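Chemist: Heads up: the protein sequence lines correspond to chains A and B, in order.
Residue numbers are given in my numbering: position 207 of the first sequence equals residue 207, and the series is strictly consecutive.
Residue numbers are given in my numbering: position 16 of the second sequence equals residue 342, and the series is strictly consecutive.
Derived by calculation from the structure, the hints in this document are not laboratory data.
Every value quoted in this text rests on a predicted model; they were computed, and no experiment measured them.
Be a bit skeptical, because a hint or two may be false.
[Claimed, not checked] Footprint (simulated), chain A over chain B, 3 or more residues, beta carbon under 8 Å:
| hint | stretch |
| --- | --- |
| 1 | 415–424 |
| 2 | 446–458 |
[As the list claims (entries may be wrong)] Far from chain A, by Cβ distances over 12 Å, these chain B residues were calculated:
| hint | residue |
| --- | --- |
| 3 | Phe385 |
| 4 | Pro641 |
| 5 | Glu660 |
[Said to hold, decoys possible] Restricting the straight-line Cα-Cα distance to at most 25 Å, the calculated cross-link-like pairs of lysine-lysine (DSS-like) are:
| hint | chain 1 | residue 1 | chain 2 | residue 2 |
| --- | --- | --- | --- | --- |
| 6 | A | Lys56 | A | Lys131 |
| 7 | A | Lys131 | B | Lys457 |
| 8 | A | Lys287 | A | Lys299 |
| 9 | A | Lys247 | A | Lys184 |
| 10 | A | Lys56 | B | Lys457 |
| 11 | A | Lys264 | A | Lys13 |
Built from N, CA and C at the ideal position, the CB exists for glycine as well.
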Amino acid sequence: MEITDEVLIDLYKRMVRVRLFEEEAGRLAESARLPGFLHLYVGEEAVAAGVCAALKNEDQITSTHRGHGHLLAKGGDFNRMMAELMGKATGYCNGKGGSMHICDLDLAMLGANGIVGAGVPISVGAAYANKLTSNDLISVSFFGDGATNIGAFHEAANMAAALSLPMLFVCENNEYAEYSPRDKTMAIADVIERAAAYGFPGAIVDGMDCVAVFEAATLAIEKIRNGEGPMMLECKTYRFYDHVGVKGTASNYRTDEEVEEMRKRDPLVIHEARLIESGVMTDEEIKNFKDTIQEEVDKSVEFAEQSPFPENDDILLDVYTNGGRT
Amino acid sequence: MSPDNIFEGATGSESSESNAEERKLGYGAAVVETMAQIMREDESVFLAGEDVGAHGGVFGYFRGLQPEFGDDRVVDTPIAEQAIIGLGIGAAVQGLRPVVDLMFMDFICVAMDQIANQAAKLKYMFGGGAKLPLTITTAGGAGLSAAAQHSQSLEAMLCHIPGLKVVMPSDAYEVKGLLTSCIREDNPTIFIINKRKLADTCHVPEELFEIPLGEGHIFREGSDVTLVAIGRMVDEARGAADILSKEGIDCELINPRTVQPLDIDLIVESVSKTGNLVIVHEAVRFGGIGAEIAAQIQEQAFDYLDAPIGRVAAPFSPIPFSPALEKLYVPDAERIAAGVRNLS
Chain A
1 MEITDEVLID LYKRMVRVRL FEEEAGRLAE SARLPGFLHL YVGEEAVAAG
51 VCAALKNEDQ ITSTHRGHGH LLAKGGDFNR MMAELMGKAT GYCNGKGGSM
101 HICDLDLAML GANGIVGAGV PISVGAAYAN KLTSNDLISV SFFGDGATNI
151 GAFHEAANMA AALSLPMLFV CENNEYAEYS PRDKTMAIAD VIERAAAYGF
201 PGAIVDGMDC VAVFEAATLA IEKIRNGEGP MMLECKTYRF YDHVGVKGTA
251 SNYRTDEEVE EMRKRDPLVI HEARLIESGV MTDEEIKNFK DTIQEEVDKS
301 VEFAEQSPFP ENDDILLDVY TNGGRT
Chain B
327 MSPDNIFEGA TGSESSESNA EERKLGYGAA VVETMAQIMR EDESVFLAGE
377 DVGAHGGVFG YFRGLQPEFG DDRVVDTPIA EQAIIGLGIG AAVQGLRPVV
427 DLMFMDFICV AMDQIANQAA KLKYMFGGGA KLPLTITTAG GAGLSAAAQH
477 SQSLEAMLCH IPGLKVVMPS DAYEVKGLLT SCIREDNPTI FIINKRKLAD
527 TCHVPEELFE IPLGEGHIFR EGSDVTLVAI GRMVDEARGA ADILSKEGID
577 CELINPRTVQ PLDIDLIVES VSKTGNLVIV HEAVRFGGIG AEIAAQIQEQ
627 AFDYLDAPIG RVAAPFSPIP FSPALEKLYV PDAERIAAGV RNLS
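Just chain A, with the same shape it has in the complex (with noise of 0.2 Å):
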């Protein structure tokens, strides 16, 4: 498949996206100035990068609790992702959704979801509404290496495949069940394997690698697009920062030195290789467009500490549709 510089420099400016939004987040975690938990994609921007640069814009995405990545990668509002992150009015849900709950139905970007392996199913519903209008659409779901040990994901695949949807399955395989192992909490090696048992295809994609998750999520959206039923791609990837926060007081379930030695893999230092050394970037274009993005990402800071708290009376603002209030 031949990549444009075009898409290339996409690529990049997807992933720079999530990553200093991501870093930022985590520093103002660790000062206290964000409530709640939070879980960083940063290590796995490939993924989501690579996924999102080979969808429509009216594609549905169902992400995870680790979700930033999958709404930025998608296009998503800094200012609104971080006053959302802040519990404030102007966020993306009004303050009440928070980290886990970040969407954009917009971007036809159907959420972050708390409860592992739970946007799947919802991800069919999306699927189905496509097949059933007919309008060339197809719904992706992000989800985890632990996720697929959960009910909702199989009964989903299989649903996914016994309807014959127009579905793209992307696992994360991030190698950690939260705090525990693979090799503890599954007794195969690779999470596609799944997939087959349900009897569609998928392949194995180096998720460090946008280029490669990218022309993986091209091909197999070309034959979903066109009837084939549902699709997987298995990214194996890592994040550098803990399964909540930056790094955690529980980190002992990995050695510093595995981290370093994945972050010798780092997909966006990769990239940017790439992108110098075919002369699609320079040093400098690459640095301006950091230092760019990093602006924006200051000024969303700004914009959600200024923003006010949902009023007192939000709280029962849309618990239902029609009237609002109960």
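Let chain A serve as the given structure and place chain B on it in line with the hints.
Modeler: Chain B only, in chain A's frame:
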């Protein structure tokens, strides 16, 4: 009774909007008729669930829909309750109006994450942006020796979760009016079909109509005691009211129709007239919807009460299989009448 003959052998019961001159329809038949009429007028409505298509549902109340609407709009799904609800949620967020069926109400427990953590909260968590026009149909209630995993009345559990609406039709007229409202509603609703009512007929208009969710109905006016009965218990409470009227006790019978939202104003108004209240439901007494009604009535109508509020409900046990024990388990007219007499 075999599920295959639910539309026959109808015993007949007076409608809440009784009019003997007009057309009668069975409770189960009202489900099919309503679904078919709504699906004809609104292409965004589809039905999905286990055996709802080729088989027409295990109780037959979806029979004939797949031949008319095809297997894309009447979808036979795998036995996968979480995915069935997820199918509904994802399609509803995309603007369709799915009706998804969980064959027996007990199976709601299998799908509880998708119902309680996803469907119920989605709009709120997303800051109001999402609409979720999702109807979940399911068969509840005891009395068919279906034992502990196919007979429960779990409405109180669902009412406790903000974001859901919980609807319990007591007759065929309400089936049609309430199911129409549920499907046209932009919130997730759970429509509880009582499996022992399926053959009962009453007057039902031919054309579609809506009964507003959250508005109760005074089934019978009376001056001495207010009886609030839920779902099929309306029939039993009516029997109790007949027994008691011969003893000179005049019951006012209220059918809330929906338990979430609950028309507490109607009950307050009635109690302020009668001074007495007995609540009847098929679910176990502890933590049942009767407890909530009693609590709200003592908050809002304490000064009108002449006696402690009575509750007639199931004992705190799983539902027994043996017909001899199940008969003891489910409240009936005699037990309700005794509950009224016991008001001190």
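Chemist: When you check the alpha-carbon spacing of A/Lys131 and B/Lys457, does it fall within 25 Å?
Modeler: 20 Å, holds
Chemist: Decide if the proposed pair is consistent with the structure: A/Lys56 and A/Lys131, CA atoms, cutoff 25 Å inclusive.
Modeler: 16 Å, holds
Chemist: If we take the beta carbon of B/Glu660, is the closest beta carbon in chain A still more than 12 Å away?
Modeler: B/Glu660 is indeed farther than 12 Å from all Cβ atoms of chain A, at 38 Å.
Chemist: Can we trust that B/Pro641 is non-interface, i.e. its beta-carbon lies farther than 12 Å from all of chain A?
Modeler: 32 Å, holds
Chemist: Are the Cα atoms of A/Lys287 and A/Lys299 separated by 25 Å or less?
Modeler: Distance ~18 Å between A/Lys287 and A/Lys299 Cα, so the pair holds.
Chemist: State whether the coverage of the stretch 446–458 of chain B by chain A holds or is violated, taking the criterion as 3 or more residues with Cβ-Cβ distances under 8 Å.
Modeler: holds (count 11)
Chemist: With a C-beta cutoff of 8 Å, work out whether three or more residues of the stretch 415–424 of chain B approach chain A closely enough for the coverage to hold.
Modeler: n = 9 at 8 Å, threshold three: holds.
Chemist: Can you confirm whether the C-alpha distance between A/Lys247 and A/Lys184 stays at or below 25 Å?
Modeler: At roughly 22 Å apart (the allowed maximum being 25 Å), A/Lys184 and A/Lys247 satisfy the hint.
Chemist: According to the definition I'm using, a residue is off the interface if its beta carbon is farther than 12 Å from all beta carbons of the partner; does B/Phe385 meet that for chain A?
Modeler: 23 Å, holds
Chemist: Would you mind confirming whether the straight-line C-alpha gap from A/Lys56 to B/Lys457 stays at or under 25 Å?
Modeler: 23 Å, holds
Chemist: Has the given pair, A/Lys264 with A/Lys13, been kept, meaning a C-alpha gap of at most 25 Å?
Modeler: With a Cα-Cα distance of about 20 Å, the restraint between A/Lys264 and A/Lys13 holds, given a limit of 25 Å.
Checked against the numbered hints listed earlier, the structure breaks none of them; every hint is satisfied.
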